[in-house]
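Those protein sequences? They're chains A and B, same order as listed. Position one of the first sequence corresponds to residue 1 (the numbering used here), numbered consecutively onward. Position one of the second sequence corresponds to residue 1 (the numbering used here), numbered consecutively onward.
Treat the hints as calculated values from the structure; they're not laboratory data. Note that beta-carbon positions come from the ideal geometry of N, C-alpha and C, so glycine has one too. Any given hint could be a false lead.
Computed footprint of chain A on chain B, listed as stretches where at least three residues anywhere in the stretch have a Cβ under 8 Å from a Cβ of chain A [as the list claims (entries may be wrong)]:
{"hint": "1", "segment": "92-104"}
{"hint": "2", "segment": "109-116"}
{"hint": "3", "segment": "154-166"}
{"hint": "4", "segment": "179-189"}
{"hint": "5", "segment": "250-263"}
{"hint": "6", "segment": "271-280"}
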Amino acid sequence: MKTFVWKIGGEAGFGIMTTGLAFSKIVSRLGYQMFDYIEYPSLIRGGHNAYEVVVSDDRVGSSPGSIDFLVCLNKQTFELHKDQLSDNAFIIYDKDEFIPETKSTLIHVPFKKILFSLKGQQIMKNTIALGASLALLGTDLKIFNELISQQFRRKGEDVIKFNEQFAEKGYAYIIEHYKENIQQVLLPLNSESQLVMTGNEAFSLGAVIADCRMYVAYPMTPSSSVLTTLAAWQKTSRMVVRHAEDEISVINTALGGSFAGVRSAVGTSGGGFALMVESVSYAGIAEIPLVIFISQRPGPATGMPTWTEQGDLLFTVFAGHGEFPKIVLAPGDMEEMVGLTTEAFNLADIYQIPVIIMSDMYLSESHSNIKESFVTDLIKNYQVNRGKTITQTNTTPYLRYSDSSDGISPRLIPGVAGSFYQANSYEHFEDGHTTESAEERIKQVDKRARKIRTYFNNDFKTPMIYGNFNEAEVVFVSWGSNKGVILDVQKKLRSRVKTAYIHFTHVYPLKKEAVIPLLNQDKRYVLIENNAEGQFGKLLQMGLGISFSETILRYDGRAVSQQEIINKVNLK
Amino acid sequence: MSTVQDFTGYQPTWCPGCGDWGIGIAIKSALVQLGLSPSSLFVAFGIGCSGNMNDFLNAYAMHGLHGRSIPNAIGMKLANHKMTVLAVVGDGDCYGEGGNHFLHACRGNHDITVIVHDNRVYGLTTGQSAPTAQKGYKSKSTPLGIIEESVDPLSLALTQGATFVAQAFAGDTIHLGQMIKQAIEHKGFSLVNILQPCVTFNKINTYQYYMKHVYKLDDTHDKTNMLTAVNKARGVYEEKYALGVLYQVEKTAFHEQIVQLDSTTSLKDRDKFTDYNQLLPYFK
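With the rest of the complex left out, here is chain B (with noise of 0.2 Å):
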């Protein structure tokens, strides 16, 4: 069994008090509790504050490029399936730059764990408005305000066809572990959008603005119900913040529905290719 300090790089170099600090350890506990261990995992990390966790979360990992981790994680996938697929990323990495791969790996129900660092800023650039700003939410790029609404990012994942869509707070981490793990269980694309406050550069969205704006998903949610969970998630222009699973279906995922990938070997560990016979007849 491996512990979390097995998980453990690097002293994080995030700002005392960012949201970050409480993403990392619940993504390290619900990783032990699931019984993984850094050479069973592979993590694709986006640019930003969020990416930076490259350092502190052991894993074989690739720390790519800005927008570009979900298809590394895809790639991951069809390559050795037998590893679990996390991609960790921020909302500017996720939402803005890699918007169109965000869709595309919705509505393909790649097996793969999106956990989406959500601060509607970005930090690590100082602060500029990100997709995920409230509309008129001023920042150094939009000092008279943003003119854009805001990404729904839920509703977003919901109607392109993802089969897990959770949401959490940063500030509880007890029970965005248990989110984490249920993305990570679940057999399909899932997204675990997490909202969290930036200590030093959102003065709005701060973890009181929070407390006092979210609430937890009762036992009477129906996760099966697009349209209901679309109505939760769509709570995000009225400021109120649905926690928890908003919806989850079991679908085939798309290396399962791959006819060359067998569920017991790997693309990496099958054997060469050889019957030359069946090709060649192709040139005469």
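With the rest of the complex left out, here is chain A (with noise of 0.2 Å):
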């Protein structure tokens, strides 16, 4: 396998994050596999941003947590990222800025004196670095040059030619002077299409895929772009996107959606759902169906807004007062992402229930890739299951919480002629209407619980396993967008021990019967989590009685990474 890191960093609101995109999507288009991950405080100007890629010819899902290619568009970036510096590096700057003080193979492309001579601006820096980066790891422009066509054809051909002399003039500079430091490791492969998505795109994309026809939001980081990308589609897949006024308004115009028929869905981060958890509550008794998509950053309170965790899951799992069931699934990658947001709107249907999808900055905001053909069997072969869900009834007058053995009563698609029927948050009769009866309240309470056995029954995932879990004398485990690191991990200790990583995907409710058997065998577990709590643990705890006593716990807004994984398994 080889692998290696070219990361860009430079002022922010200087076009950082376009050209460290078009980066990645010129590698997978070169048949590579990559993760990229971004870095960047919370503000539109002044702070510094970074964007790291990591290309492989194989599956890759985080970051070695080394450099191998720089580019230093300031000297912030080479002062920033100057200690992850492979021993072979190379450093890409312009002397007429900074000289950097430094054992790795300097590069220098004259940034200044190229846009001052094309009369470029600040941001076309970008596009001369991409240029010479390109040049030095052994391709060529093609792909770039049709990148930057795309971005710029509706401004005309003069716009494009524009640009595109900057992208030249980087590449011939190395061309010209650093020809014995060119690295042939972009060689075209042959690989099938990818497409390169983000988990807020992977979302957004499974949610058209599922039908889905209302999302409705109000902006909140790093959920935010779920919002700006359906709402850049919509006229496309007519899909109707609302910025509401505030999240109350986000999540009961949904279930306004929902009630009425549509499928719908609404996407935050936890302070927004903070906001929206007594409508969960309303969800939960009215049964109506419902999609969140929560985007986890640090808290509490407004905390590290650009930054990552998984320190919203307990606050997730019991949202909502009253006692009454949801589904939460956590996906570890972009394909999980498209596959479990296809299957959340159809598990809400089934069960009439709210069904959370967890997401986190570091998934929601990094790209991978995705085998096209994935996204296109997807499509092919997803059916939209919504249960129950009736569209007329010969009864009269219609139950709308009528009595049954799985929990689940056939819900109407209100406009029906001849019936009606009201979506009750007050305790009520089977056909709706309000009671305070203790045998009603017994009977609605049951039924209402009875669903989660029905999923058990029929559509709970038991975690996957990856590594031989037999021989393993190493389990990790862990749940949603660690996978990328663990997977990772895993390859790296295969000469030296064995490991097996179970990958939690629906984190709850649990099936007792069929978790425990994983987790209670003579092996040295190790559970890791990006929050300070083990809150996953905590779950397995109250759930299945199962604790552990190695644990990974990071909680200072990064991912977690692979040496700090690879330094636990070598403690013993």
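Relying on the hints, combine the two individually framed chains into one complex.
Here it is in structure tokens:
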């Protein structure tokens, strides 16, 4: 497996993100696997932005922690990242800005002079730098020029040509001055077509595939790009996308849409979800399907808006006053995000409950590639399953909350002539009318609770196991976005120790008899979570009576690193 | 044709003499006159004595959370704009807990009719003062008299973009029925604020009080003049309550401006999206 890391850094607001994404798309189109990660402050201008892309000829889901090619658009980039440089690293910089003190190979590119000679703007420094990078990595400008054409198509041929010449200048400078340093690490591979997307985009695509017709949100980092992506697509997808006045309106608009018969979803982060919680409880008692997307960031309160954490699991699992069922799913990569999103809409309709997808900044905003055929197969094979949703009824009066052995009552889509009913937030009779009868109360509480048993029988997914569980000496236990780094570490440890990884996606509720046999063996279990309190561990302790003596808990706003897992394993 | 009986659900639990009885009758008669049926009607009920109409009025209804009926109503309208949508709410519900939703729904000109039971107290929680209580009003939560000025809901609606603003009195159910009917017929956001005595907890704003202080707008009132309408609305601070349509203008409703909705097919009934060749290049 050949893997390298390319990283570009510079002042916020000057196009780092666009350039990084272009690099990710170029390597992906050349047939490589990639994973990228952005670091940015909660500012529009003036802070430091960095964009790191891990490139490999094999599947990759995290950063190895070292940098092989560092592009410094300013001195700060070098200062902040010099300690991560690998032994044979290259540094692309402009000596008119600063001169790095390092053992790494220095590749000077006169950004300033080129900009000046071509009368370019600051933002085009990126284009020069990317052109130079591609030359140094041994590929050409073909795909980059295609991306430039795509980006500026509407602005006309002159603008395209103008931008292309910056890439060409950067490229030519390397060919002319650093020919002997060129690394042949981007030779095209024969791979099938790939798509590059973030977790938020994967959720957006999954929502479209699942026939979600209403998405309502209020912007909140790191979930906002779901709103902007779906809004950008709305003319094509014909999804109604509403940016409402606050999160309480968000969820109640979506509940209105869902009650009226369209698949609906909302998206937010922890703080916004906190505002929605009373309405989650309404969805619970009134049995209104809803998909809720939560992209976590470090809390409490405003916390660290542009960084990552898995600190909202227990809050989410227990969200809502009163007792009612809900399902919480946690995808670990882009395939799982698209797939579980489509599944979430089915589960919401089948069980007539809120289904929550847990993401975090790390998964939501990192790009990774996914085979195009995975997506086209899903589009072809996905079946919209609306469970007991009905479009007509012969029962008079129609009993919206009729008691049933599986806990699920036929749900009539409103508008059918001759019928009517209410989705009541009060406890109700089977016909939906308010009641305070002890007997009716027990009937409805039990009916709603029975859905979980049905879910365990029909739809709960036992966690995936990566590696040979029977032979494994070390077993990692984790959930959601930690999947990428754990799979990468397993490969690195392969020659030294046998490991297995139990990856939970269906994190709540947990089917005891399916999970316990995985966690009570005579193995060295290590719980890995991106939070301080080991929240999933607590959930396992509470529901299954299982505890962990070894944990890796990270809560500094950064994702769990390969090295800290390796260090932990090596302790014994 | 539907009848009042078709809309009639369970026996109401309101106090004898409560203004809600008259409002309930007025709503039903307006619905019958408009040729609507329980199956062609969405109602979002709030929580309070007003919201308790959920069990007495037949419709496809959401009896949701306190303050949140307006977003429920908006969601229902967007999903199926073929249906008529009402929000039946109280003063605390709509102007207190849900005040933010109210002002944004006005500016959105969502095609919903908001019917507010304005009795200036919280009846269901036994008589605390509401946002529309007069300054100085003494209640269990404000034993020394409420310090805030009362909300002026009509001016609030007018200045935030509502395209139909009316006021009625629960003691005059015929006029009230006419107001509700006109509000439902209006395309865009319509508000009917109903002055309503709470016979149990509000001993100030009684039927006798309102008989003395209300007046009907006559034919000389210019319904298209915003400033005149605001002037009439401000009468609340002089205990002069205008009854009738204060303001009405034609503007395109929210759902009519959503390009992905067409006039013939609702969001619920349209075909599933299939043209992925339009979306996947975004990821390449």
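Hint-by-hint comparison with the structure:
Only residues whose C-beta sits within less than 8 Å of a C-beta in chain A count toward coverage, and the segment 92-104 of chain B has 3 of them, enough to reach three; the restraint holds. A count of 0 residues in the segment 109-116 of chain B with a Cβ less than 8 Å from any Cβ of chain A is obtained; the coverage claim is therefore unmet, three being the minimum. Counting residues of the segment 154-166 of chain B whose CB falls under 8 Å from any CB of chain A gives 0; the rule of at least 3 is not met. Restraint check on the segment 179-189 of chain B versus chain A: 0 residues with Cβ-Cβ distances below 8 Å, three needed, restraint violated.
Coverage of the segment 250-263 of chain B by chain A holds. Counting CB-CB distances below 8 Å, 4 residues qualify, and the rule asks for three or more. With 7 residues having a beta carbon nearer than 8 Å to a beta carbon of chain A, the segment 271-280 of chain B meets the requirement of three or more and the stated coverage holds.
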